[in-house]
Amino acid sequence: MDFLESKCSFKNFTEELIKSSNSFECDNSDLNDFFQNDCLNYSKDLLGKSYCFTLDDDDTNIVCAFTISNDSIKVNTLPNNRKRHINKSIPRQKQFKSYPAVLIGRLGVNKNFGRQGIGTELMDFIKSWFIDKDNKTGCRFIVVDSYNTKEALNYYLKNNFHFLFSTELQEKEHMGLTISNELKTRLMFFDLINLGIEN
Amino acid sequence: MAITIKNIPVLNNSSAKSFVVMADNASKKTVVVNFSSQVKSAKNILEKSKLK
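Protein sequence lines correspond, in order, to chains Y and F.
Per the numbering used here, the first sequence starts with residue 507, numbered consecutively.
Per the numbering used here, the second sequence starts with residue 16, numbered consecutively.
Pulled out of the complex, with its shape left as it was, chain Y reads as follows (with noise of 0.2 Å):
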């Protein structure tokens, strides 16, 4: 986390900061549009929170941001035969399984400072931040919905997350998409129990 801790300062993504800042461009449009037009609305109606790093040298630019949320993996392990019979003895807390989770919403690196491995420094500093034993909450989860494209998905493989569904088929199929229908987006996950402090 070389360039983050000694050349940049983590802050909230604000309306203050965007209006100071030089233009965030990342190399996706979706990215560029969420951080320029949807991000303020989803922390306002505290359903995201942003935060970016900007560099120490010149703080109009923002290096990178991402936004997230609360969020859990339910798992329902009752086959469907056996779900109708025992459901109605069952109380619906009981049926299910939900492990705690952070979403990551929104993840980009602005495109001067691509290739320099800083997104990796992000999210080793995103897990970092929940395994922290001051994390104030449970967490054993992050989980992304990746742009289902090589270089997203390459970038979250590489970051040891894993596909949430095993195949595109069974991600469609969930969502209940046609095969014709295109998969915008794959859910991944990173398992935080695998990361150890020494103390």
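Careful, some of the hints might be misleading.
To be verified - Within a straight-line C-alpha distance of at most 30 Å, the following computed DSSO-like cross-link-like pairs (lysine-lysine) qualify: (1) Lys-44/F with Lys-617/Y; (2) Lys-642/Y with Lys-58/F; (3) Lys-43/F with Lys-639/Y; (4) Lys-639/Y with Lys-58/F; (5) Lys-32/F with Lys-656/Y; (6) Lys-617/Y with Lys-32/F; (7) Lys-63/F with Lys-603/Y; (8) Lys-580/Y with Lys-32/F; (9) Lys-525/Y with Lys-63/F; (10) Lys-55/F with Lys-555/Y; (11) Lys-43/F with Lys-664/Y; (12) Lys-639/Y with Lys-63/F; (13) Lys-65/F with Lys-517/Y; (14) Lys-65/F with Lys-639/Y; (15) Lys-580/Y with Lys-63/F; (16) Lys-513/Y with Lys-58/F; (17) Lys-43/F with Lys-580/Y; (18) Lys-580/Y with Lys-550/Y; (19) Lys-43/F with Lys-603/Y; (20) Lys-21/F with Lys-617/Y; (21) Lys-656/Y with Lys-63/F; (22) Lys-55/F with Lys-678/Y; (23) Lys-513/Y with Lys-44/F.
To be verified - Some chain F residues near chain Y, calculated using beta-carbon distances under 8 Å: (24) Ser-30; (25) Val-47; (26) Phe-50; (27) Ser-51.
These aren't lab readings, by the way, just hints derived from the structure by calculation.
As the structure is a prediction and not an experimental result, all values here were calculated from the model.
Built from N, CA and C at the ideal position, the CB exists for glycine as well.
Got chain Y sorted already, so can you dock chain F onto it with the hints?
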């Protein structure tokens, strides 16, 4: 408008089963990646930012 951030869906059937097995196995595992230096860096970043 950018793509809406969607919630994590409830997993069912085979995807649910394989996920629970993976999570249970990971909980039992004793070998983990030492992330101490990254956590230390993150603490330094947070102290500098004054965000907690």
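Which numbered hints fail:
Violated: hints 1, 6, 7, 15, 21, 22 and 23.
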